[in-house]
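*Asks:* In case you want the letters, here they are:
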Amino acid sequence: MSVNSNVLGENKLKKRSSLTDTNLLLIITIAVFFTMYACAVIFLKQGFLKPQMFFNILNENASLLVLSCGMTLVMITGGIDISVGQVTSLVCMTCAVYLQKVNDGLIAGNVFTSMCIALAIGLAFGIVQGFLVAYLEFQPFIVTLAGLFFAKGMTTIVSSDRIAVTYEPFVKLCRTEVTIPFLGSVNKKGIYIPAYVEVGVVVALAVVILLFCFLKWTKLGRNFYAVGGNNQSANMLGINVKLTKFLAHVLCGLCAGIGGYLFFLHACSGSPLHAQGAEMNAIASSIIGGTLLSGGVGNIIGTLFGVLSLSTIKNIVTSLGLDEAWWTNITVGAMLCVFLIIQSVILYVRTTLRKTKGKRTN
Amino acid sequence: MPEVNPMTSSKISARGFFGKLVRNQLFIPLVALLILVAINLFADPTFFKISLEPSSTGNLILSGNLISIIDNASELAILAIGMTLVTSASGGQDISVGATIAIAGSMVLRFVKMYSPDISGGKFAAVIIFSFLVCVVVSALFGAFNGSLVAFFKIQPMVATLILFTAGRSIAAWINNNDNISINDARFGYFGNFIPGIPIPTPVFITVICLIIIALVLKFTNLRLYAQSVGINASSSRLNGINPKLIKLLTFIILGVCVAVCGFIKVSRTSSITYSVIANNIEMDAILAVALGGNNLGGGKFNLTASVIGAYVIQFLTTTLFKFKVSSSEISAYKAVVVILLIFISAPVVRKWIADVRNKNLASRKSKIGKEAN
Chain E
2 MSVNSNVLGE NKLKKRSSLT DTNLLLIITI AVFFTMYACA VIFLKQGFLK
52 PQMFFNILNE NASLLVLSCG MTLVMITGGI DISVGQVTSL VCMTCAVYLQ
102 KVNDGLIAGN VFTSMCIALA IGLAFGIVQG FLVAYLEFQP FIVTLAGLFF
152 AKGMTTIVSS DRIAVTYEPF VKLCRTEVTI PFLGSVNKKG IYIPAYVEVG
202 VVVALAVVIL LFCFLKWTKL GRNFYAVGGN NQSANMLGIN VKLTKFLAHV
252 LCGLCAGIGG YLFFLHACSG SPLHAQGAEM NAIASSIIGG TLLSGGVGNI
302 IGTLFGVLSL STIKNIVTSL GLDEAWWTNI TVGAMLCVFL IIQSVILYVR
352 TTLRKTKGKR TN
Chain W
-13 MPEVNPMTSS KISARGFFGK LVRNQLFIPL VALLILVAIN LFADPTFFKI
37 SLEPSSTGNL ILSGNLISII DNASELAILA IGMTLVTSAS GGQDISVGAT
87 IAIAGSMVLR FVKMYSPDIS GGKFAAVIIF SFLVCVVVSA LFGAFNGSLV
137 AFFKIQPMVA TLILFTAGRS IAAWINNNDN ISINDARFGY FGNFIPGIPI
187 PTPVFITVIC LIIIALVLKF TNLRLYAQSV GINASSSRLN GINPKLIKLL
237 TFIILGVCVA VCGFIKVSRT SSITYSVIAN NIEMDAILAV ALGGNNLGGG
287 KFNLTASVIG AYVIQFLTTT LFKFKVSSSE ISAYKAVVVI LLIFISAPVV
337 RKWIADVRNK NLASRKSKIG KEAN
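So the protein sequences, as listed, match chains E and W.
Going by our numbering, the first residue of the first sequence is number 2, and it counts up by one from there.
Going by our numbering, the first residue of the second sequence is number -13, and it counts up by one from there.
No lab work stands behind these hints: they were computed from the structure.
Any given hint could be a false lead.
[Stated by the list, open to error] Lysine-lysine pairs mimicking DSS-like chemistry, simulated, CA-CA at most 25 Å apart: (1) W:Lys338 x E:Lys243; (2) E:Lys356 x W:Lys140; (3) E:Lys358 x W:Lys140.
[To be verified] Computed beta-carbon distance windows for the label pairs: (4) E:Ile342 x W:Val323: 35 to 43 Å; (5) W:Asn347 x E:Ser161: 44 to 52 Å; (6) W:Val17 x E:Leu238: 39 to 47 Å; (7) E:Phe44 x W:Val335: 52 to 60 Å; (8) W:Leu119 x E:Ile342: 25 to 33 Å; (9) E:Thr352 x W:Val335: 27 to 35 Å; (10) E:Leu45 x W:Ile181: 54 to 62 Å; (11) W:Val263 x E:Asn241: 41 to 49 Å; (12) W:Gly227 x E:Leu238: 36 to 44 Å.
On a predicted model such as this, the values are computed, not experimentally measured, just so you know.
All residues carry an ideal CB built from backbone N, CA and C; glycine is no exception.
Based on the provided sequences and hints, a complete structural model is requested.
*Replies:* Below, the structure is given as structure tokens:
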């Protein structure tokens, strides 16, 4: 017994002293974000010093943040979900049409029921895709690609025009601003303007904290990592792999529903062109945030910083004067490429290190 | 029971034949094609009418739904070749093909526009050939970029190609400074439409040439064997002396060349380019073609004929949906339903379940026969 405990103790010590993959990637991401923001503050100065600039990044990307968190969950279990962007678009469109009908008095309802609709759409996508992926064992990419196209088609079937919402209570909700105490800036006339965030940001940050706790401290959350790390050993440990994968997709669908509603709150309208390429940004944010595509490694905080880095670089590109649409896409693509290669190299180095270590001990 | 009842043996052989037929890879695409043909015949008996009519330029050309299907499916069929190889070797699909087509088309237009004004005959042919070669090289390079990410950095194909999927159309716009280039020379349109005097659309010929080339390559080289073995088990094929990285890279380069041909046809069709719209959603169709051909999307064995037939079936489906007044943006929803159905049919779990049910039926019948005999 004493030997056993001794070994265990050693293991614990080793784990604490060495850097896990998750932490290493997380540290890289956070470092990249802070260097980027610092460079922007030093070299560009155009407003990057104002706190509101930072909060605007949050305002614009609240929905992306939630989508990315859902994506991270799925990617930790080793899957992927590329339908989230179009589900966002579908949610916006459906809610916009619904609220306009409520406004015209055709249907009974209020803002709360529209939220329920958004969540229901997200959940439905999550459940169907999760079932196909987990229980019919089909490639998640193909299933969610089908989901993407289904949502895309459905959006135009619901309505092919842009619909602006004029329903009074909803517009009020859209315009609600939460002021941040102690932070703000003085404008040209010398009037102090406190920094503010939209309601969506509060919700998004709440989702981030909830999911962080979920992944860190709940049994199911830990199961996600186990399933993503190694399917078979997770199965042998008595984890219900299929159910875990299914739940990951359901949670991702739910996040897509919430993210869709946040996008709707920000845009106040529905359009087939909404959230174009959001799935790309979500995947990119997760990857930049240190989630490994192979599964088993990832962190919600990393995703938060991934979103921030991605949107900061977009802002930098626009403030450099390169505001043609293609520059942002190209930079995002290049950034994604760099981070993918970094991940791949880190994994390669780590596995070879482990192998050589193993050989030495043998 | 040593003596076998002649009745049951004939039944079993019939079942064996039927089973063979069902298990044949060409079964699913051909049945899908037959169903589509039946639906179209039922809805509109004149659907398959082909007529020889003078076109706007006065040449006699073939026209009809069938011709337009075969014509429009050309790009998809060519893409399906490359996509099948990539799927087989790397176990994933390239989702950047649409964006790379935009890049290829943009390159072609840039070069043709540079040299084309008012040059005649042989010089124009030289310009076309030159720009085509440049576009092939560029597309092959982009293919090699995707391929090296997949082969050397071991990134999943779909995620590696996500990079170009995001950036591709923007790069295409960047190449031409986001100008709306259009070529006014009618000769440039020959490759996507009709050569005067020949009533069959040119893309059909291009497709046939591509198919012949790939058939010869597969016949005289070990590409098929190597790609399949890498897809089935990369490490064991490495132990057998095949370089899996090189094979994966090669399949992506072949796909790049296919994409270049598609891009060339696409821009030749309209003599212009719209960066955000050209070859929109074609990656979905190409993957669908491979899946419809009964190829395992997880890599391994492949059947090119089935994929190519799959491509034509998809174009058939698209045209049929257009016939039923479905708008182009709504089509994707219906196609997604088709994909889900295909997934459902071909999922190993469902197949196993069906086989179990069938075996149970057989067993119960056998036991019944046994009881009767007793």
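*Asks:* With reference to the structure, classify each hint as holding or not holding.
*Replies:* Tested hints:
For a cut-off of 25 Å, the pair hint linking W:Lys338 to E:Lys243 stands: about 17 Å separates their Cα positions. Note on E:Lys356 and W:Lys140: the hinted pairing holds, with a Cα-Cα distance of about 18 Å set against a maximum of 25 Å. At roughly 23 Å between alpha-carbon atoms, E:Lys358 and W:Lys140 fall within 25 Å of each other, so this suggested pair holds. With their beta carbons about 38 Å apart, E:Ile342 and W:Val323 fall inside the hinted range of 35 to 43 Å.
In this structure the supplied range 44 to 52 Å holds for W:Asn347 paired with E:Ser161, their Cβ-Cβ distance being about 49 Å. The hinted range of 39 to 47 Å is satisfied by W:Val17 and E:Leu238, whose Cβ atoms lie roughly 43 Å apart. In this structure, E:Phe44 and W:Val335 meet the distance hint of 52 to 60 Å, their C-beta atoms being roughly 56 Å apart. Checking the proposed 25 to 33 Å range against W:Leu119 and E:Ile342 shows it holds: the Cβ atoms sit about 30 Å from each other.
Taking the beta carbon of each, E:Thr352 and W:Val335 are about 32 Å apart, inside 27 to 35 Å as hinted. For E:Leu45 and W:Ile181, the hinted distance range of 54 to 62 Å is satisfied, since their beta carbons lie about 55 Å from each other. In this structure the hint that W:Val263 and E:Asn241 lie 41 to 49 Å apart at CB holds, the actual value being about 45 Å. At roughly 39 Å, the beta-carbon separation of W:Gly227 and E:Leu238 lies within the given 36 to 44 Å, and the hint holds.
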